[in-house]
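**Q** Sequence:
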Amino acid sequence: MVTRVKQIYSFVVILALIGSAKAADRVELLYAPCASCHGAVAQGKVELLAPRLAGQNTAYLAEQLKNFKSGARGAHPKDIHGQVMAANARYLNDGEINRLAEYLNRLEGGQVASGFTGDIKRGHKLYADHCLVCHGERAEGYTTLNAPKLRILGGWYIKRQLNAYRKGWRGDGARGSARAKGMRAIAMQLSNEAELDAVVAYVLSLEGVE
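Counting from 359, one number per residue, gives the positions in the sequence shown under the numbering used here.
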C-alpha cells in the first residue's frame with residue numbers, strides 16, 4: 359500500500375513538473391512576437407524605440423498591456439509606436455497578459471546605458487517635488503500604485519514618454535486612463551527641455567543604487 363501511494367505521489371509530481379514546463383513554454387511563445395522589438399531578454403532596442411521591459415513592475419506591465427488592448431493607450435494618431443503596441447495587445451486575453459507581465463518581471467535584461475546629459479542636482483529637486491511620491495526615493499516604483507520603475511529605463515524612453523504626456527499622446531481625451539491623465543498634469547509642470555533633461559539625468563544616476 360505504501361509503495362502504491364509513493365508511486366501515485368511520484369506520478370503527480372511528474373505531471374506537475376511537466377505542466378510547469380509547458381506553462382513556461384507557453385509564456386515564452388507568447389513573448390516571441392515581442393522579442394523582435396524588445397529583445398530576446400526584453401532588454402529593449404533603442405534603434406526601434408522599444409523600451410526595456412525586463413524587471414519592470416508586474417502590475418504596471420499588466421495595466422499598460424490592458425490599456426493598449428482597450429484603447430486607453432495607443433489611440434492618438436501621432437503615436438505610431440503606441441498604435442503598433444495596441445494592435446499586438448488586442449489579441450491577448452487577460453490571463454495571457456498577466457502571465458506575460460509576471461514573466462517579464464522575472465527577466466534581468468542587462469544594464470541600462472547612461473550617457474544622458476542633464477543637471478543632476480536640479481533634477482534631484484524636481485524629482486523630489488513631482489515624482490518621488492509615486493515612483494519612490496530611488497525611482498524603484500510602487501506596485502501598489504502601479505507606478506513603474508524608472509531607473510531601469512533608458513533616458514531616451516523616459517524623456518520620450520514625458521513629451522508624449524506633454525503633447526497629449528498619453529493621458530488626454532476621453533480614452534486616456536485616470537492615472538495617465540494624472541501623469542500628464544505632472545509632466546506639464548516641467549516647463550522646458552532643460553528641466554526634462556535634469557529629471558531624466560537624475561533618474562539615471564539612481565540605476566543600480568539600493
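Some clues are possibly wrong.
Said to hold, decoys possible - With a cut-off of at most 27 angstroms between alpha-carbon atoms, the simulated BS3-like pairs for lysine-lysine come out as follows:
{"id": "1", "residue 1": "Lys424", "residue 2": "Lys479"}
{"id": "2", "residue 1": "Lys424", "residue 2": "Lys403"}
{"id": "3", "residue 1": "Lys436", "residue 2": "Lys403"}
{"id": "4", "residue 1": "Lys479", "residue 2": "Lys517"}
{"id": "5", "residue 1": "Lys525", "residue 2": "Lys424"}
{"id": "6", "residue 1": "Lys436", "residue 2": "Lys539"}
{"id": "7", "residue 1": "Lys424", "residue 2": "Lys539"}
{"id": "8", "residue 1": "Lys403", "residue 2": "Lys525"}
{"id": "9", "residue 1": "Lys424", "residue 2": "Lys483"}
{"id": "10", "residue 1": "Lys483", "residue 2": "Lys436"}
{"id": "11", "residue 1": "Lys517", "residue 2": "Lys403"}
{"id": "12", "residue 1": "Lys424", "residue 2": "Lys436"}
{"id": "13", "residue 1": "Lys517", "residue 2": "Lys539"}
{"id": "14", "residue 1": "Lys539", "residue 2": "Lys483"}
{"id": "15", "residue 1": "Lys525", "residue 2": "Lys436"}
If you are wondering where the hints come from, they were derived from the structure by calculation, not from laboratory data.
**Q** If you draw a straight line from the CA of lysine 525 to the CA of lysine 436, is it 27 angstroms or shorter?
**A** Cα-Cα ~10 angstroms, so holds.
**Q** Can you confirm whether the C-alpha distance between lysine 436 and lysine 403 stays at or below 27 angstroms?
**A** OK: lysine 436 and lysine 403 at ~21 angstroms, within 27 angstroms.
**Q** Taken at face value, is the distance from the CA of lysine 403 to the CA of lysine 424 at most 27 angstroms?
**A** This hinted pair holds, its Cα atoms lying about 22 angstroms apart.
**Q** Are the Cα positions of lysine 483 and lysine 436 separated by 27 angstroms at most?
**A** violated (32 angstroms)
**Q** Verify the proposed pairing of lysine 539 with lysine 483, using a straight-line Cα cut of 27 angstroms.
**A** Distance of about 23 angstroms is within 27 angstroms: holds.
**Q** Is lysine 424 close enough to lysine 539, meaning Cα to Cα at most 27 angstroms?
**A** Roughly 16 angstroms between the alpha carbons, so the hint for lysine 424 and lysine 539 holds.
**Q** Would you check the hint for lysine 517 and lysine 403, treating anything up to 27 angstroms between C-alpha atoms as holding?
**A** Holds, at about 15 angstroms.
**Q** Do the alpha carbons of lysine 424 and lysine 436 lie within 27 angstroms of each other, as the hint requires?
**A** holds (20 angstroms)
**Q** Given the hinted pair lysine 436 and lysine 539, is their Cα-Cα distance within 27 angstroms?
**A** Since the Cα atoms of lysine 436 and lysine 539 sit roughly 18 angstroms apart, the hinted pair holds (cutoff 27 angstroms).
**Q** Are the Cα positions of lysine 525 and lysine 424 separated by 27 angstroms at most?
**A** holds (22 angstroms)
**Q** Between the alpha carbons of lysine 424 and lysine 479, is the straight-line distance 27 angstroms or under?
**A** violated (36 angstroms)
**Q** Given the hint that lysine 517 pairs with lysine 539, test it: the Cα-Cα distance must not exceed 27 angstroms.
**A** Holds, at about 17 angstroms.
When each numbered hint is compared with the structure, violations occur for hints 1, 9 and 10.
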